[in-house]
Structure formats: C-alpha cells, structure tokens
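Dock chain D against the given chain L, drawing on the hints supplied.
Chains as they are written, first to last, in my numbering: chain L, 44 to 158; chain D, 3 to 118.
Keep in mind that the hints were calculated from the coordinates and are not lab data.
Computed from a prediction, not measured in an experiment: that's the story for all the values here.
Fair warning: there could be bad hints in the mix.
[As the list claims (entries may be wrong)] To list a few chain D residues with every Cβ distance to chain L over 12 Å, as calculated:
(1) 3
(2) 13
(3) 14
(4) 15
(5) 18
(6) 19
(7) 20
(8) 22
(9) 28
(10) 39
(11) 47
(12) 51
(13) 84
(14) 110
(15) 117
[Said to hold, decoys possible] Partner residues are not named here, just some residues of chain L that face chain D (Cβ under 8 Å, in silico):
(16) 56
(17) 68
(18) 87
(19) 89
(20) 92
(21) 133
(22) 144
(23) 145
(24) 150
(25) 151
[Unchecked claim] Far from chain L, by Cβ distances over 10 Å, these chain D residues were calculated:
(26) 10
(27) 88
(28) 106
(29) 118
Positions of the beta carbon are idealized from the N, C-alpha and C atoms, including for glycine.
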Amino acid sequence: AQSVAQPEDQVNVAEGNPLTVKCTYSVSGNPYLFWYVQYPNRGLQFLLKYITGDNLVKGSYGFEAEFNKSQTSFHLKKPSALVSDSALYFCAVRGEGRNTDKLIFGTGTRLQVFP
Amino acid sequence: EAQVTQNPRYLITVTGKKLTVTCSQNMNHEYMSWYRQDPGLGLRQIYYSMNVEVTDKGDVPEGYKVSRKEKRNFPLILESPSPNQTSLYFCASSLMGRGVGGEKLFFGSGTQLSVL
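Chain D extracted, bound-state conformation:
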C-alpha cells in the first residue's frame, strides 16, 4: 500500500531533550516536506526537500533540522525542543521533484508532540 509513515504518533518530552520524528514514504517520491498544524494558523511548512541531499527552509524553520540521505526517509530533528514547538506535525511527499505545482501531496497520519 502506498503510504507515508510517521513515527511516533504521540510524543511527550521535556524542554531541551533532543528528539527525532521519522518519516518514510514507499512511493519513490522526490519531494518531501514537513508541516506543523496549529489551531487558527492552519498548516505551516517547516522544511522541504526536492531530492536526496537537497533541503530548504519553509516558513517556520527555526528550531528544526532535517536530513535527506535516502530518497524514502526525511526525519525531523528538534535539537533542543521548547514548549512553543508543541504542535501536530505532518510529513508529506509528492511525485514531482521540481515542485508541487500540479501534483498532490500525500500526508502521513501526524505526530502530536508535547514539550513540557
């Protein structure tokens, strides 16, 4: 089954404790992206990747890191989480490497992160 898989689904952590949220897709998509969803703000893009070893900042990249060493994986790293990073996070992928102009995004089921 074609899918985007995120882990974990729920995560509670404390301020400053490094964490990684994993994302994997099995559709051979070139484009991958991370979003955070907050009430009243919709989805905001954190980072995206056009292909292996190519990443770029989205609208809210501060406090986050990503890597794209393999085509299928795009982990999101919080080196020193803070309470304002408490949010619902989504990973997404798309077929086109040169942007998502005409192609739909496939989303993971989300990771609810709470930073205490």
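The shape of chain L in the complex, shown without the other chains:
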C-alpha cells in the first residue's frame, strides 16, 4: 500500500541556518509527491510538488525539495530558515490503482525556528 513517513515529530533550527524536513515514501509505480505547510489556526497550504523531471523542485517561500528515487525520499529544504517558517509540515503522496483520487498524508513534522 502507498504510504509516506515523516520520521521526525519536530525539527529545531536556528534562524539563518539551513533546514531539512525529511520524508520517505512507498509506492509501486512512479510517485506524485507533495509538501504542504500548516500555519497556526490555518488550513494546509500547498508548497510544492514533484511529478516528473528535475529531481530538485522549487516551491513557495524559498522552499525546495529533492526527489531521490534510490532512497525513496523527498526531503524539504531551505538554505536559510526564518522564524516565520515555524509551522507544521506535511508530506503527501498520491494513491495508486483505485486510490489515484486521493492524497495520502504523513503524520506531520513541526518545524521550530529559533531567533
């Protein structure tokens, strides 16, 4: 079955430092991968997606994600973190077979950026 895993419940980083939020996936075919961000008291917002093409995908707010097929990973990155990046981040993968109409979300990683 398709799934995503976010191994870290929380990531702490100092402002100005690079950040990485990890995601690994499990699908049998070619993955459609997404990152969403949830700010406090808000719904999720789309950050970026990978469907095909360049393994480095650029998204909103200076975020990027690297697709690595051999490691089945899709880690979210940003070269220089901001305090305003503090939020809950979700990785997601599109379902396969009968489930192509749905996104399967990870459990989320809380990013805390300290001044």
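Just chain D, lined up with the frame of chain L:
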C-alpha cells in the same frame, strides 16, 4: 478571493446531537474532500466527491455523511456524534475531476469539533 470556506470554526456539542459542518468553494472546482486531523495520525480522508452527485468513502467514513447537490458546496454531516469524533476537520477542493494527481488541494481554515 479564491477560497474554501468552512463554518463554524469551533463547535462544541453533546453525544447524539446531529450537526452539519458546511464547506463552500468559489473556484468552480470539481473535486472536494473532507479530512480529519488528529495528533500523531496526520490527515485522514473521510469522504470525497469527484463532481456533483458523485461521492465516495475515504479511509475513515464511519459515522459521517456527505452530500454534493451543488458544485460549490460539500457539507459534512454527523448524524449522531460521539466523543471519538472530537477532532480538527478540514475541507479541501481541487480543480481536477479525475483525481488530484497533479493538482494541488486548497484547504479551508478548519473546524475544531468537540463532542462531550
């Protein structure tokens, strides 16, 4: 402004008292979906709709009902709420009718439901 609007934002109710959470989108999206968010479990899909009068079960449909009589509205109905339905609920929509393969989801701001 393009948006998904959910109401109410907060709701406290008692076991067994029927309630409806409304969801409306103004983007002419075909696809709409309901999720619940619980700590440590992420988002789980409750029901989704590919278009008007077309709905289907997600991963956790028990205890919920939906309807899609109009393209813009997708209400979530709890006929007899129970405490295990206490959760944060999100409505979402997407452009593509045949699934969300390449299209991003637009989310509402959420409804925090407490069932006592």
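Hint check results:
The beta carbon of residue 3 of chain D is kept farther than 12 Å from every beta carbon of chain L, the shortest such distance being approximately 14 Å. No beta-carbon of chain L comes within 12 Å of the beta-carbon of residue 13 of chain D; the shortest separation is about 15 Å. At roughly 17 Å, the least C-beta separation between residue 14 of chain D and chain L is larger than 12 Å, which holds for a residue marked as non-interface. The Cβ of residue 15 of chain D lies farther than 12 Å from every Cβ of chain L, with a closest approach of about 21 Å, so its non-interface assignment holds.
For residue 18 of chain D, the condition that its CB be more than 12 Å from all CB atoms of chain L holds, with the nearest at approximately 29 Å. Every beta carbon of chain L lies more than 12 Å from that of residue 19 of chain D, the smallest distance being close to 25 Å; the non-interface claim holds. For residue 20 of chain D, the requirement that its beta carbon stay farther than 12 Å from each beta carbon of chain L is met, with the minimum near 25 Å. In this structure residue 22 of chain D is separated from chain L by more than 12 Å, as the shortest Cβ-Cβ distance comes to about 19 Å.
The beta carbon of residue 28 of chain D is kept farther than 12 Å from every beta carbon of chain L, the shortest such distance being approximately 15 Å. Residue 39 of chain D, annotated as away from the interface, has a beta carbon of chain L within 12 Å; the closest lies near 8 Å. Against the 12 Å criterion, residue 47 of chain D falls within the reach of chain L, whose nearest CB is about 6 Å from its own CB. Not every CB of chain L is more than 12 Å from the CB of residue 51 of chain D (nearest about 10 Å), against its label as outside the interface.
A cut-off of 12 Å between C-beta atoms confirms that residue 84 of chain D is not in contact with chain L; the least separation is 23 Å. Listed as a non-interface residue, residue 110 of chain D fails to keep its Cβ farther than 12 Å from every Cβ of chain L; the least gap is roughly 5 Å. Residue 117 of chain D, annotated as away from the interface, keeps every beta carbon of chain L farther than 12 Å; the closest lies near 21 Å. The beta carbon of residue 56 of chain L comes no nearer than 22 Å to any beta carbon in chain D, farther than 8 Å, and the hint placing it at the interface is violated.
Restraint check, residue 68 of chain L versus chain D: the minimum CB separation of about 14 Å is more than 8 Å; hint violated. Hint status for residue 87 of chain L relative to chain D: holds, with the closest Cβ pair at about 4 Å, below 8 Å. Annotation: interface hint on residue 89 of chain L holds; nearest CB of chain D at approximately 4 Å, less than 8 Å. With 8 Å as the threshold, the beta carbon of residue 92 of chain L comes within range of chain D, its nearest partner Cβ sitting at about 7 Å, so the hint holds.
With its C-beta approaching chain D no nearer than about 7 Å, residue 133 of chain L sits inside the 8 Å limit, and its interface hint holds. Because the smallest distance between the Cβ of residue 144 of chain L and any Cβ of chain D comes to about 4 Å, under 8 Å, the interface hint for this residue holds. Checking residue 145 of chain L against chain D by beta carbon gives a least distance of about 6 Å; that is within 8 Å, so the hint holds. The interface hint given for residue 150 of chain L holds, since its Cβ lies 4 Å from the closest Cβ of chain D, which is under the 8 Å cut-off.
Taking 8 Å as the C-beta cut-off, the interface hint given for residue 151 of chain L holds, the closest approach to chain D being about 5 Å. With a least CB separation of 14 Å from chain L, residue 10 of chain D remains clear of the 10 Å interface cut-off, as annotated. Listed as a non-interface residue, residue 88 of chain D keeps its Cβ farther than 10 Å from every Cβ of chain L; the least gap is roughly 18 Å. Against the 10 Å criterion, residue 106 of chain D falls within the reach of chain L, whose nearest CB is about 4 Å from its own CB.
Its beta-carbon lying about 22 Å from the closest one in chain L, residue 118 of chain D satisfies the requirement of being farther than 10 Å from that chain.
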